[in-house]
Every structure is written in C-alpha cells, then in structure tokens.
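I would like the entire structure built from these sequences, with the hints used as guidance.
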Amino acid sequence: MSISPLPLESALAWSGHLRRRLQARPELADWLQQHAARAIDATQIQGWFDQLAASPRPLSVEVARRALRQLRERVFLLLIVRDLGGQAPLEEVVHAMSELADLAVAVTYESVAADMMQAHGLPRDADGQPQEMLIVGMGKLGGQELNVSSDIDLVMLYGDEGETDGPRRISNHEFYGRLTRRMMPVLSEQDADGRVFRTDLRLRPDGDAGPLAWSLDAFEHYLIGQGREWERYAWLKARLLPGQAFPGSHRRNQAQQLESLRTPFVYRKYFDFDTLAALRALRERIRLDWQRRALARQGMDCANNIKLGEGGIREIEFVVQLSQLVRGGRMPALQQRGLLPALRAERLAGLVPEEDAQRLEAAYRFLRRTEHALQYREDEQTHLLPEPGPQREALAQALGYAPQAFEDELAGHREFVSQTFRNAFRLAGMGEEEPPRAGPLADADEQLERRIAQGFGDQAEALRQRADSLLTSHRIRSLPDSSRRRVDALLPAAIDAAAQTGSPLEAATRLFDLIEAIAQRSAYLALLAEYPDTLARVARMVAASPWAAQCLTQHPLLLDSLIDWRTLFEPLDFAQVARQLSADLQACRLPDGTPDIERRMNLMRDVQRQASFQLLAQDLEGRLTVEALADQLSALADLLLAETIRQVWPLVNRLPQAEPKLAIIAYGKLGGKELGYASDLDLVLMFDDEREDAAEVYAKLTRRMTSWLSTMTSSGRLYEVDLRLRPDGDAGLLAVSLEAFEQYQRHHAWPWEHQALTRARYAAGDTDVGAAFERIRADILVMPRDPAALRKEVLAMREKISAGHPNRSELFDLKHDRGGMVDVEFVTQYLVLCHAGQHRVLVHNLGNIALLRLAGEAGLIPAGHALAAGDAYRTLRRIQHQMRLKGMDRARVPPEDLQDERATVLALWQAVFGDDVPPAGIAA
1 MSISPLPLES
11 ALAWSGHLRR
21 RLQARPELAD
31 WLQQHAARAI
41 DATQIQGWFD
51 QLAASPRPLS
61 VEVARRALRQ
71 LRERVFLLLI
81 VRDLGGQAPL
91 EEVVHAMSEL
101 ADLAVAVTYE
111 SVAADMMQAH
121 GLPRDADGQP
131 QEMLIVGMGK
141 LGGQELNVSS
151 DIDLVMLYGD
161 EGETDGPRRI
171 SNHEFYGRLT
181 RRMMPVLSEQ
191 DADGRVFRTD
201 LRLRPDGDAG
211 PLAWSLDAFE
221 HYLIGQGREW
231 ERYAWLKARL
241 LPGQAFPGSH
251 RRNQAQQLES
261 LRTPFVYRKY
271 FDFDTLAALR
281 ALRERIRLDW
291 QRRALARQGM
301 DCANNIKLGE
311 GGIREIEFVV
321 QLSQLVRGGR
331 MPALQQRGLL
341 PALRAERLAG
351 LVPEEDAQRL
361 EAAYRFLRRT
371 EHALQYREDE
381 QTHLLPEPGP
391 QREALAQALG
401 YAPQAFEDEL
411 AGHREFVSQT
421 FRNAFRLAGM
431 GEEEPPRAGP
441 LADADEQLER
451 RIAQGFGDQA
461 EALRQRADSL
471 LTSHRIRSLP
481 DSSRRRVDAL
491 LPAAIDAAAQ
501 TGSPLEAATR
511 LFDLIEAIAQ
521 RSAYLALLAE
531 YPDTLARVAR
541 MVAASPWAAQ
551 CLTQHPLLLD
561 SLIDWRTLFE
571 PLDFAQVARQ
581 LSADLQACRL
591 PDGTPDIERR
601 MNLMRDVQRQ
611 ASFQLLAQDL
621 EGRLTVEALA
631 DQLSALADLL
641 LAETIRQVWP
651 LVNRLPQAEP
661 KLAIIAYGKL
671 GGKELGYASD
681 LDLVLMFDDE
691 REDAAEVYAK
701 LTRRMTSWLS
711 TMTSSGRLYE
721 VDLRLRPDGD
731 AGLLAVSLEA
741 FEQYQRHHAW
751 PWEHQALTRA
761 RYAAGDTDVG
771 AAFERIRADI
781 LVMPRDPAAL
791 RKEVLAMREK
801 ISAGHPNRSE
811 LFDLKHDRGG
821 MVDVEFVTQY
831 LVLCHAGQHR
841 VLVHNLGNIA
851 LLRLAGEAGL
861 IPAGHALAAG
871 DAYRTLRRIQ
881 HQMRLKGMDR
891 ARVPPEDLQD
901 ERATVLALWQ
911 AVFGDDVPPA
921 GIAA
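Numbering (full-length UniProt numbering), first residue to last: 1 to 924.
Among the hints, erroneous ones may be present.
Stated by the list, open to error - Keeping only pairs whose Cα atoms sit at most 30 Å apart, straight-line, the calculated DSS-like set for lysine-lysine is:
(1) K800 / K815
(2) K792 / K669
(3) K886 / K815
(4) K661 / K815
(5) K669 / K815
(6) K700 / K669
(7) K792 / K815
(8) K661 / K700
What the hints assert, rightly or not - Just the calculated beta-carbon pair ranges, DEER-fashion:
(9) R840 / D786: 17 to 23 Å
(10) E380 / E231: 48 to 54 Å
(11) G128 / E570: 55 to 61 Å
(12) S714 / M797: 37 to 43 Å
(13) E189 / R485: 52 to 58 Å
(14) R691 / G128: 48 to 54 Å
(15) A789 / E621: 45 to 51 Å
(16) L28 / D592: 30 to 36 Å
(17) D165 / R646: 48 to 54 Å
(18) R703 / I801: 27 to 33 Å
(19) E407 / E621: 46 to 52 Å
Hint data in this document are derived by calculation from the structure and do not stem from the laboratory.
Keep in mind that this is a model prediction, so the values were computed, not measured.
No residue lacks a Cβ here, since even glycine has one placed at the ideal position from N, Cα and C.
And the structure:
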C-alpha cells in the first residue's frame, strides 16, 4: 500500500466530516499539517489537553466539558489524516482513542467529584478513609483497542458502604450513583463543540435494572451467585481506568481487590463443561444477530456489516476469546486484554496454528482499518460498507486499493474468518461442535441394575455392592439435585463403557472410584456424562492401568486433556513446553504486580502432570518404548529443574544483575535417563562463583529449590528430591563448589561414589559449570585403578544392596535378585571404572545397554554376551514398567517366566566376575 505524500488531501477526498470541520475552523488545517508527521501518543494527548484547558486540575465541570470536546476533535481529525495517509498503524489509532477515553473519563470524574464534594464532602468508609469510585472500562476500551467513533462501556464500583463527611451527608451508595449520573452528560451530550464519547452503562450487574454504582462486596456476591457466561466474556477485557479525586484514598488496595474478583471469575482453573452450552449459545446469538439485521435490511447487513456480519470483526473476537475463556485459567499467559496480544499468546502456546494466527491477524487489521475509514467519513458509529458503486470504489481508494483488489481481499478475509468461526470450538481444543445427547432416561436404579446384570454375569454381585456403596456415600448423598441426577445418568453409561474394555470389572470399579472422587466437581461430572467418547477413553485407560486410574482420581484436572484425544498422541515439544511455561509463570502475579509464588508452584506441578499424562496415554497405547518414555520423562525433569532455578534465584539473590553460576547434576535414574513416572530425583548442586557470600547464597538456593520441588501444594508435589549423593552425604554442604567436588572425588570418595558417578550428568543450570563438571567426571572415571581391588569393592557393595532388599518369596525380583537389573548395572559400572582409561568411549553416559555393546566391541567382554545381556536388560525394564503400571510396588514374577533372561545376565556376571559371588535371592 503506497503512502500519500499529501495525507491531508487524501483525507479530504474521503471524509466529508473533515471537510466540514476545516471549513468551520480553518485554523485547524495548519494545526493538522504541523502534527501530521508524528505518531500520536499519550504524552501528546495530555499536552494538547493542558493547552486547551489552560487551568490546573480539578477543572470546573464546564471547562472540562469544553476542553475535552475540543481535544477529541483534534485527535479524531489528526487520526483521519494520518490513517488515510497510510502513516498510522492500527496500534496507534486504537491506542490514541483509548488514551483519549482514559483521560476524558478521569478528568470528568475528577471535575464532577470536586463539584459534589463542596456540598456533600468526601465519601468515607467505616474507618474514616476516603474512597475512590472505581471506573472500569469494558470491551474495546478495556482492551485499549477503541475504534474511532466508538461508544465506551463503563461499570462503576466503589469500596465499602459508608457516608460522606460534608454539610449535606449522604450515603456512599447515593453519592456514587449521583456522581455517575452527572458524569454521563459531560462525556456524551452533543453541544456546539460536539461530544466526547457516547457512554453505555448496561454491562453493570443487572444492567438497566441495577444501581448505577455497586460496592465491591455487592459485586462479589453478584459474580458468585448470578454471574453468567456472557458476563465472563464481557469482563475478560475489563480494565480499571485512571482517575483519583480524593486525596489520601486507598485506591491501590481497592484496585487489587477488584482484580482479585475479576480474574477467577473470568479465568477458571477447572473449566466447567456446562459452560460450553452457554458459549455455544453466545456464538449462536452472534450468528442470529446478523441474520436478524440482514432480514431487517433486506440482506444488506449480512453482506455489508463488517463487524456483526458473517466473517466480521465480532467473529474474530469470539474465536480468540473462546480460547482465553477455556484455557486462560490454566495458561496465565493467555490472560491478555487486547485481542492481538491474546492471539499472539495463543499462537505461541500452540493453540492456533501459525498460518491461521497470521491470517486472523491480517483479517482483523484489514477489517478494523476498513471500519475506521467508514467512521471517518461522517464521524458515525457505523460498520456498514457502501453498496457496490462509486462510494464503495471511493472507500477502496481511500484505503489505498484498486476497487477489485479491495473486493478480493475483503472476500478472502471474510471467508477465512467465517470458516474459523464455525470451527471455533474445535480450534479451542474442545473436540466436536456439539456433544452427543443421551435419549430420555428411564428410572436410574433400573437402568443401573439392568446394565450390571447384562454385562457382568458372575461378577455382577461384586459390582452391585460397589454401586450401592457409591450411591450411599456421603459425597453422593450431599450433592445438589442437579449433580445427583447427573451421577444417576452417568453410572449406567460408565457400566457400558467398562463392558467394552478388556477388564470390565476392574474398569467399572475404578470408574466408580473416579466418579466418587469428582462428585463435588460438577465440571467433571458434566464432562463424563455429556461426552461419551471421553468416558470410553477414560474407561480404557483405567482398565489398562490402576496407576493411571489413581492419577486421574487424584488429579481430575487431567481429564481436560481427554477431550481432544488426538493431541495426546502428538510428541511432546519440549521447546514449546518450556516457552509456554515461562510465559505462564511470568503472568502469575498478585494484583500488586509481585510474583504469586504459590500459583507458580502449582502451575509447574500442573504442567508436569499434564505432560506426564500425555506420555502415559502414548505409553498405554504402545506408542513408546520404555527407553523412549524414560528419555522423555528425564527431559521433562531437566526442563522443570532449569525453570526452578530461574524461579527461585530472585528469591535468594541480592546482587543486582547477578546470574546463578550453579549447575544441577543428576545421578541415579535421572542421571541415566531412566526416569519413571513416580521416580525420585537424586541431585547434587554444584557452583563456581567468586562472590564472597557464594557458599551461603547457594546453600540457601538449594534449600529453596528443594522446597519448591518437594513441598506438597494443592496441586501435589513436583518431585521427591534426594541430595545424599553429594560429597560427605548428609554431613556435607547442601551445595558444593566445583573445586571442592573435584578434590573430594580425587582424594576422598569411596569406590561406590565413583560407581554412582558413571550414571551422573549435567542436567540444568549454568552451562559453563555443567561443562566443568563433565570434564571432572571424565577425569575421575579414567583414573587408573587396581582391577582386583575394584572388583572386591564392587562385589561388597552388591552384597550390601542385596542385604538391603531381601526377597523371602518364591518369586523372582526383576531388580534386586541374582540375574536381575542390578547385576547388569553393577557389571556396567565396573567395566567403565576398570577400562575407561584405555577406552575413552566408555566415559560417555550412554546407558547400560549402549555401554555393554561398546564394551563387547572393545573386546572387554564377549560380544555375544554383551548384546544378549542388553536385550535381557531391556526386557526386564519393560516388564518392570508394565507391572508398575498395574499398580504393583514390587516387580516379581514366577522364576520360570524369565528364565532365559536371568540365565543371560548370570552368564554376563560370570564372564566379568567369575563364580566367587555371594548368594542373593532365589538364584543362589
């Protein structure tokens, strides 16, 4: 689009309003030419107003009224010139109008309040403190994206009830009501100087039927008891406008109280699936609204209304805000008031595909700029395109388009927006457009009895007893009638879903446990009752794994993930998870702007649960090997450890701009990338920092990080942490310096600590410290050792491990018995410590299977033994994992089940250590 060299001439060619105003006030032409080259910002708007008012605030009502109208005219005319001249981007236009509205409301409030105080005094609370009126901008004003001829939607609130302290005392409620009534004409009445903004107060609680101003207590009770879904939609953009009329008022505290009410009302952690019907109804109302208007105008509105018509601005707003309402409670980065920032946040979160987000943004910009051009013509609040003809062509020319190019771009944008709007719920991750509806219900008890009798045969009595126990439990009996009816409808459906699994009784019993656990949360009862496909998926998961059933029962938030089943099978994008987690954590702030520590801790736990659940779903479907699963769980832990450092460091550091020179070293399962769903983390925290208080600061950091990871919050625990593998164990320092660690490993460490070092790796934190640790580790592992002495130490440690895990059963313990997983791990560690000096490839922390293969290729053990033992180890891990998923604490099987694998491991042991091995377990 070309930029006109004469923006004023370009604007005059389109805007009749501009021509008339310059004819009436020729001096404005010079003023416009003087300012047309510079972007409009808040500082300029304030400066122009001060010149026009020419007196200090608070102004008299008449001075404020006149100056605001003159200011609005200047800003509006200058926007016409800059926008139609191609010099003002959308952001400048909408921000300028929003800044103008903020200033207008604040000045009007201050001037009217000052006038009223002369008669009534200051409104005070019960403690005698003056109270401000809180003026909330709704809609586009709240989002700071006001159009150029927009109404402004306002809601008036105040703190506590009380009364004024002047000669004619009145209640606060009456004072703020009168104040609101007197403000409206100052802003919206038309006079010789025009108007400032048309105002609308109908978005307040109870609309026109409610009081003009509400106390925060009354507002809170309204939101809790009567707040509806469309009001969540309306309050999403709500923003407290500036303005302070009463010296000494506690406006900041009132503002924080207001935000603490708004945020949980709009953004709910547990999305209530009952609200989907309300949101679908809202979408349908939007669609029917333009149809009704179209009929009233013989089709013109449908085709020409770029706001309310098909493929218009309102549909873009709904698409973006739906995702915010659905997911904003759990993804704080989506809690944006502006539409474009919200759309970008959804794109970064992976909720909207990159191309779709770009096309929606392009459509929004095009439609908003067209909307502004329509309003520039006669300063009217219109969204109607002219009928095809000369005026439509003039519009295209004003926007810098050839007529046909304008029509083609308009049609392309509207078609894409319309299609996206029709698919809004699928785009928001809410699955199909409408949940299937069950037919009329017969008597619930009869249905339940019939389903049990038909589907469970000899097991019917056991299930019948569990159903009776559930229905007579306190949780169910104390439910409100609506939730109880939903449970009655859900139980037969659960029986049907369980009957379709491979373990019907187990599935039904676990589903009943889940229903009892979530009975007090109508959101999840609604999800399972109204989405049969989701119920069937849950049934399959709990039938396959009692551990999965336990996860869902303890953390029903995970049920949300089952709505769009396809996303569960997508590979985890750890870079995306990290970016989104960082953005969401940054957005978790208290109303005063300080970090909300508890919410951040809960968010990290929720993310860990959700990611682990996604891996669990893939695991149960056989889409991940045990090794791949362990790699993914280990990568997730690394990511969360890195984020923990970033979150905790500001809480302990007092040096400006100082960065933590600390690395987290993972040992054990995390070190070997063999992490399971519920594994502890064996960690050593290591620093290399010359600051004088380094030891104290990093010890404090370690304590805070351990607390951050392991504290039980309302969302559970992130990880259990074990720091006992640090130098000197429990007697040692919580965080060890790099130098001290190296000295300890070289001169004081026990052989078993060098065994542990074979599975250690840098996991998170400062990369330089991590690289230094890896160098130290390599140097320690290649140190020369006496094979015989090392063999003696390793065997002694193996005997000690066996003694600590006695097996008195007739079953084979896959991990600890002779021929089990620990034998493979000890052999591998011995080979690394004994031969890494001559075979440096063994230094790398590649896992037991790869290291055995490399040892075989190097001739350290028979190659056949190495490969066979690796396969046996893989099989043992897989079966152990399967048994854990089935809820078994100990992985033990009949000895004959894994006879070949045990024999292979024992053959490897004998090849490395010979026959002189202490007896352990059933293989003795």
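Hint check:
no.: 1; hint: K800 / K815; verdict: holds, 14 Å
no.: 2; hint: K792 / K669; verdict: holds, 25 Å
no.: 3; hint: K886 / K815; verdict: holds, 17 Å
no.: 4; hint: K661 / K815; verdict: violated, 37 Å
no.: 5; hint: K669 / K815; verdict: holds, 13 Å
no.: 6; hint: K700 / K669; verdict: holds, 26 Å
no.: 7; hint: K792 / K815; verdict: holds, 22 Å
no.: 8; hint: K661 / K700; verdict: holds, 14 Å
no.: 9; hint: R840 / D786: 17 to 23 Å; verdict: holds, 20 Å
no.: 10; hint: E380 / E231: 48 to 54 Å; verdict: violated, 29 Å
no.: 11; hint: G128 / E570: 55 to 61 Å; verdict: holds, 60 Å
no.: 12; hint: S714 / M797: 37 to 43 Å; verdict: holds, 41 Å
no.: 13; hint: E189 / R485: 52 to 58 Å; verdict: holds, 53 Å
no.: 14; hint: R691 / G128: 48 to 54 Å; verdict: holds, 49 Å
no.: 15; hint: A789 / E621: 45 to 51 Å; verdict: holds, 49 Å
no.: 16; hint: L28 / D592: 30 to 36 Å; verdict: violated, 44 Å
no.: 17; hint: D165 / R646: 48 to 54 Å; verdict: holds, 50 Å
no.: 18; hint: R703 / I801: 27 to 33 Å; verdict: holds, 30 Å
no.: 19; hint: E407 / E621: 46 to 52 Å; verdict: holds, 49 Å
Comparing the model with each earlier hint shows violations of hints 4, 10 and 16; every other hint is respected.
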